[in-house]
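Could you build all of it, start to finish, from the sequences and the hints given here?
Just so you know, the protein sequences line up as chains A and B, in that order.
First residue of the first sequence? That's 1 in my numbering, and the numbers climb one at a time after it.
First residue of the second sequence? That's 1001 in my numbering, and the numbers climb one at a time after it.
Read the hints as simulated data drawn from the structure, not as lab findings.
Positions of the beta carbon are idealized from the N, C-alpha and C atoms, including for glycine.
Honestly, I wouldn't trust all of these hints.
As the list claims (entries may be wrong) - With a cut-off of at most 30 Å between alpha-carbon atoms, the simulated DSS-like pairs for lysine-lysine come out as follows:
| no. | chain 1 | residue 1 | chain 2 | residue 2 |
| --- | --- | --- | --- | --- |
| 1 | A | 396 | B | 1124 |
| 2 | A | 63 | B | 1054 |
| 3 | A | 332 | B | 1207 |
As the list claims (entries may be wrong) - A few chain A residues facing chain B, derived, Cβ under 10 Å:
| no. | residue |
| --- | --- |
| 4 | 19 |
| 5 | 91 |
| 6 | 114 |
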Amino acid sequence: MTTDLINRLAKIVGPGFVSGEAEERYLYSMDPGTMPAAAPDAVVMPANTEEVQQVILLANELKVPIVPMGAGLVLSGLTRALRGGIIVDMKRMNHIIEVNPQSRYAVVEGGASQGMLKSYLKKHHPQLKHSMPDAPPIATMAGNVCIHGSGHLSVLGGSHSDMLTGMEVVLPSGEIIRTGSCSVSGEWFARSPLPDLSGLFVGWAGTTGIVTRLGIKLFPSYKHNDVLIFVAEDADLMPEIISRLTSTQVAEDMTPWMSPKPAWAKGFLHINIAYGAHTKKELIFKRNLLQASVREYIDQKIAGFLPLPPPQKGRFLEIPSPDLARFADLRKGGGFEYVGALMAIEHFPQAYRAGLAIAEKFNVSYSLGSRIIGAGHCMMFFFAYAFNRADAEDVKRASDALEATNEAALKIGGIPWKAEEPAQKQIIDKMDPNTFALMDRIRSVLDPNQIMNPGNWEK
Amino acid sequence: MEHEEILHRCFRCGYCKLPGNYVDINCPAYLAFRFETYSPGGRMWLLRAWLDEKISASERFAEIMFSCATCGNCVEHCAFPEFRDRLLLAFTAGKEALLDAGQVPAPVRDYLTKIQLHGNPYGKSVKKSGQWLDGLDVALFSDQEHLFFIDDVGTYDPRGQEIARSVVTLLQKAGISFGIITDAMNSDGNDVKAMGETALFEDLAEKNIKVLNKLNVKKIITLSPHSLNALKNDYPALGGQYQVFHYTQVLAFAMAGLTFSDKEPEAKIAYHDPCYLGRHNTDYESARMILRSVPGVTLVEMDRNRNNALCCGGGGGNFFTDILSGGDETSARVRVREAVDAGAEILAVACPMCAVMLEDAVKAENLDDRIQVLEVSEIVRQRF
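Put into C-alpha cells, the structure is as follows:
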C-alpha cells in the first residue's frame, strides 16, 4: 500500500518531492510543541494547484488521510497525521503572485512565507506592508490566516482572517474553488458582497480543504515608527486602560505582556503600543493622543509610560521579533508551548491571575501577554510555557500546564486558539450542540470520504 | 557524539533557513530538497533521534547530513545567541559519527579515499601539482615575503588552473613578493574537516605544516577562501602559525599601484561573496574594494549579499560529491538567476569552486548570453 502510494504520488509531483522514508516520517510526525508524535505514511510537496488537486484525488481513491501543512509552527500539533496518510507540505508553492498597490492587497500562494512577502514589499512596494504575526518569518500566510492568527497590525485591521480578501481552495473532493471577489471578477479586493464562503476554510484545522492561493489586505507603511510602553501594577485596571488607548484609534498594534524576566519587568503589566506616521508632526500628534488618553492614571501615579532609550525602542520595533523564538531556549531546552485564547477584554485580570496560578502550580517558566484585536473588540490572551525538550518530566509539566490553561480559558469565557486535538474536544463540550452538528454536516458534504486531517474537530 | 548536549535545544523556528532580509530560502540543502529534514533544524532533530535510536543510520540520513554545504547561513541567522556558534560544529560531529558508523554516501567515500591515497581528490600525484603553471615564470618559494598557496581546484581543475594563473599574473603585476611550492603540498583539508574526517584532516594539515615550517614560511596568500579558512583558523592548533591572507586581501591594498587602459569596457558587476571568505572569515569588503577601483566597473548588489549571501552549493565537499546537484533549485542556479535579476552582466567570484559551480549553473539556465562568470583577478586583468 505505502509503496503504491509513494509511486503514485511520485508520478504527480516527481520522485524528488515525495518521501515515505523513516527520516521524513519521523520529523513530520511532530511540531515543536508538546503533542505526542503521529507519523504520516508519506510527505509530498506539490508545486502548483493542479498537483494539489491530483494528490487529493488520489487520497480519495485510496481513502488515505491528507494533512495540509505550512511551516509546521503552530505548536499545537495541527499538522500531525493523527490517522496516518499524506502530509502535504505546501512550501514549494511560495510565490507572490500579485500586489495591487491601489486597492492594497496581495495575492500569494499557499506556501508563501511571511518573511518573503515582507521582503518583497520592502523592495517593490515600500509604501505598503502586511500584518506580520509574532511567528518566525518562515511561517506561512495561509497557515496563519487559517488559524485566525493576528499580528502587528491587528489593532488597525483585526485578526489576519479579517484581512483575508479571498481564497483558492482545493476541496476534499478535488474541485478547485474560489471565494470572495476573485470568484466573480478575477480581482482579489474583498470577500463581500458575496456569501462568505471563506469561512468554510478558516478555523477548521485543515479539515475542509487545502488553500492554494489567498488574497490579503496590505496597509500603508509609515516612514516614522514609534513604540510606547505603558506600565501598570494593577491587573484590574487593564481593561479600562486598553479601552482608552484603543479609543484613540491611532495604534497599529497593542500587546500587553507580563513576564518575570528581565528582572525589571517582574510584577508589572506592560502594554507595548506601536504606531506610525508619514511625518514627524503626525507622529507627535498621535503620541499626544495616546498619552492624553491615559493621563488620568499618570496623574494618580498608579501607572505611567516607561522611558525607553532608542536602542531598546529599536528592539521593540523589530518585526518579527526573534525574542519569542528565544523564549523557547529559556530553560536551555528548545521547547515552548504557546496557548492562546480569544476572549473579551474585560477578562484580562482573570486570565492574568489564572496564568500566574498555573505557572506556579506546574512550576513552569512563563510569559503571559495578549494581543488586542481591532479597536479593543477582543484579545488573544497568550500563556507561553518554556520547557526542556530533553527532560520528559519538564515536557509533561508544560503539557499539563497547557491542558489546565485551556480549561481556565474556557472557564473564564474565552476560547482556546488554534486548539490542539484534546482542546478541540474541550471546546466542543462547551459548544452549542447545534453549532457542532452544523459543522459535522458541512464536513460530510465537503469531505464524504473523511480524508481531510481526520481526528480534528471530532468528538 | 561531540556537541550532542545542544541538539535538543533547537526549536526549529526556521530563522536558519532564510537570510536576514527573508528574501528567499538561503540554506542550499533545504533549497534543493525542500523537505524539513534537509534544513538545519531538521538535521538537529534527526541527529538527536538517531542518538536516541528512534531512527537508524540509513543512506537517506547520511545524504541529509552530508548535503550540508557548511555555508554558515544557519550560524549567521539562528535566533539563539551562543547556541548558534555550535551549529556547524554539531553537524560536523554528526558526520564524524556517521563515518565511524560506516554509513557514508558513496561520493563522500570516494572523495575521502582519493584524498587519503593521493593527498588530493583528483587522484593526481602531488609531484605533478605544478602543472597548472603552464609555462608561467613563477619562482619557487625560498625567501620571498609570501607563499602563494593553491588549493586542489586551482591545482588540478582546468578552470581552477586558469584562475590560479590569472591571480599569479596579477600578483606579479602588483609587485607582490611571493613564491610557490610545486611538488609537496597536499589538500588544505578544509572540506575534509567539514565532512567530519578529523583524523584525515589532521594528517593532511600536519604534512603541509611540516613542509611549510621546513621552508620557514611566515606569510601565506591563498587562492581559495577554503584554504584561507583552514590555514588561518585550524592549522595554528596543529603547529602551523602563519599570517594568512586571501589574495583579494593583499591585492586590495596594491590596486593603487596598477595602471589601467584608457578604453576600459563598461560593465555592471555583481560580486558573489564566497562563504569561507565572507561568513566564515567576515571579509565582505576586500573584493568589493578591488572592483570599485577598476575603471568602467559599476558594482550592483544582489538581494542576498555579504552575510546574507546565497552559497554556490560547493562547500562542505559538495563541489566534489555533487550531493546538491540536479533540479532547478540548486543554489548555484538560483544564484545566477538572482545576479541577472540584479542587472549584472558579470558575476564576479573570488573562489575557484564558486567559479566552476556558477559557470555550470549559467549553462544549465541557458543564461550564457545574459551573464558571464569571471574571477575578480580576471576582471582586473581584462582592463589593463
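Against the structure, the hints come out as follows:
1. A:396 <-> B:1124: Violated - the C-alpha atoms of residue 1124 of chain B and residue 396 of chain A are around 58 Å apart, more than 30 Å.
2. A:63 <-> B:1054: holds, 28 Å
3. A:332 <-> B:1207: Distance of about 41 Å is beyond 30 Å: violated.
4. 19: holds, 6 Å
5. 91: Given a least distance of 7 Å, the restraint on residue 91 of chain A holds.
6. 114: Because about 8 Å separates residue 114 of chain A from the closest Cβ in chain B, which is inside the 10 Å limit, the hint holds.
When each numbered hint is compared with the structure, violations occur for hints 1, 3.
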